[in-house]
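Enquirer: Protein chains in written order, with my numbering: chain A, 1 to 392; chain B, 1001 to 1205.
Hints are computed from structural coordinates only; laboratory data are not their basis. All figures in this text were calculated on a predicted structure; none of them were measured in a lab. Just to be clear, a hint being listed does not mean it is correct.
[Said to hold, decoys possible] Derived lysine-lysine pairs resembling DSSO-like cross-links, with alpha carbons at most 30 Å apart:
#1 K154/A <-> K243/A
#2 K333/A <-> K72/A
#3 K124/A <-> K314/A
#4 K124/A <-> K1105/B
#5 K1097/B <-> K154/A
#6 K314/A <-> K333/A
[What the hints assert, rightly or not] Reference listing, derived: stretches of chain A covered by chain B, where coverage requires no fewer than 3 residues with Cβ under 8 Å from a Cβ of chain B:
#7 164-172
#8 204-213
Ideal placement from N, C-alpha and C gives every residue a C-beta, glycine not left out.
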Amino acid sequence: MQFGIFSVGDVTTDPTTGRTPDDTERVRAMLTIAEHADAAGLDVFATGEHHNPPFVPSSPTTMLGYLAGRTKNIILSTATTLITTNDPVRLAEEYAMLQVVSGGRMDLMMGRGNTGPVYPWFGKDIRQGIPLAIENYALLRRLWEEDVVDWSGKFRTPLQGFTSTPRPLDGVPPFVWHGSIRSPEIAEQAAYYGDGFLHNAIFWPMQHTAQMVNFYRQRYEHHGHGRADQAIVGLGGQVFVRKSSQAAWDEFRPYFDVAPVYGHGPSMEDFTRETPLTVGSPQQVIDRYGAFWEQVGHYQRQMFLIDHAGLPLKTVLEQIDILAEDVVPVLRKEAEARRPADVPANPPSHADRVAAARAAGAVPAAAVAAADHWTGRTAEDDLDAADAATVR
Amino acid sequence: MTARSIVVVSGGLSQPSSTRMLADRLADATVSALAERGVEARVTVVELRDLAHEVVDMTLTGYARGGLAEAQEALAGADGVVAVTPVYTASYAGLFKSFVDVLDKDALRGTPVVLGATGGTARHSLVVEHALRPLFAYLGADVVPTGVFAATDDWAEAGTDDVRPLPDRIRRAGEQLAERVAAREPARRVGLYDAVPSFEDLLGA
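Please take these sequences and the hints and turn them into a complete structure.
Expert: Written out as structure tokens, the structure reads:
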């Protein structure tokens, strides 16, 4: 089982000092956090994608590409990649590039985002959120799986004879998760393709998470990818850990009370009881997160949010150390001990997927021939060639 | 046949509350009128005062906790609804609107509803028509034509309106709600997972 951290990259004033980092400092802090998580032995680092302040991570593959060169073992991922407002052609290109650059040490999670105006800013209609997620992802898959794509749909200009480059590493596309908190259509989408489903219910009661995950599992089996308990599931979580429970509560409360999203709302007592937020000692985190499998079955990835609400970088790095030393090794061992032998321990790695594709005879025998029908001295020179290729 | 579910939403904040009193009488009138039609009904009362903190919390967190989750569940499965608010500053009470704000937007679609409001004087009578009715029209509720406004004076022994006194208006509103409830199939709670389109349908959409 994998344990990682994800960041939404919020720029938030530290309520205990009144200090606010600038965007540059926050971006660099995210990079430091990811490198530290790699060195400490956590399994995954994922960045959000946002296009409005107070969030800095607008360009995930730039950040993850840098981290691919700076880290050794950690899997680089997203939380989430906006499948609705990004051009699926650019996603196919950027994430295939990241896959090649990182040597397959990446995956990504599709989501619809949490900021309404992003839709109009990128020329889309928020009421079409689900249809956009469905159509764009269907095209993204084809661009990775097929060397030459002819395509037309509702939301994007048509493609004729288009090849997305670089082609996926070893001819096998990256593993994809789908994240949704309350849209069963997205769980259905994940199940249909046999992709992973990550329920990031950090602000929601566990009962809701269990219903959604269970729905995905049943649909995964229905669509013929394996038994329900073999589906690939991830959960979001949120923790603040110190050696003693009291120290954790005292230190985190001023951040909790004014935190974006849930601050000024329920008390920390209510919120820690009702949502996965756990504030306490390593043992308390182990007890809480070591029991979620009872509600959702054995799952493959647990992600933690630890760097939001204005927590200073030094504190975040300490959180990573405590997680990596005192929490994750125990949770990993417990998960492995109770896991049924025929349920996957982890989400499929690139090597797993290559092996599976080869076993199924699905990997292309040869590279794509680099024939270029398009490039002229200028773009306009190429009009004749383009006409010739598109007229049928 | 199983009993029909009448859910009463009372936005009164004082104890005792004339809003609750009007809500109870509208519910009683509805249950009696249903009984005359041979339809059994049970009444569930949602007192917004008890849910005030949960309503604000949901506004901030997006999820319903405790009694609010139960109240939302009851409304979504209601065969008929009695909704009554006090008039605060020329409109429905803020807590009443906040409760409606955190309802699922389809929770009351097609559900028969009778509207009521209470206030100090009859000068606020049209609040039912200019504030409450458009709100429930937006929700797609099936609102009966008679809305009942009760001013303080209406609770006097004879009332100030001797042409159409409050008990008559309550009885008429209850009749109209009962008629609509009795004419419908019993409500069936549709869960989040009951109507998910197949992926083939999603692809073709």
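Enquirer: Look at each hint and say if it fits the structure.
Expert: Now the hints, each set against the structure:
1. K154/A <-> K243/A: Outside the cut-off at roughly 54 Å; violated.
2. K333/A <-> K72/A: Holds - the C-alpha atoms of K72/A and K333/A are around 23 Å apart, at most 30 Å.
3. K124/A <-> K314/A: Distance of about 40 Å is beyond 30 Å: violated.
4. K124/A <-> K1105/B: holds (23 Å)
5. K1097/B <-> K154/A: Judged against 30 Å, a Cα distance of about 38 Å means the pair is violated.
6. K314/A <-> K333/A: Status holds; Cα separation ~28 Å.
7. 164-172: violated (count 0)
8. 204-213: holds (count 4)
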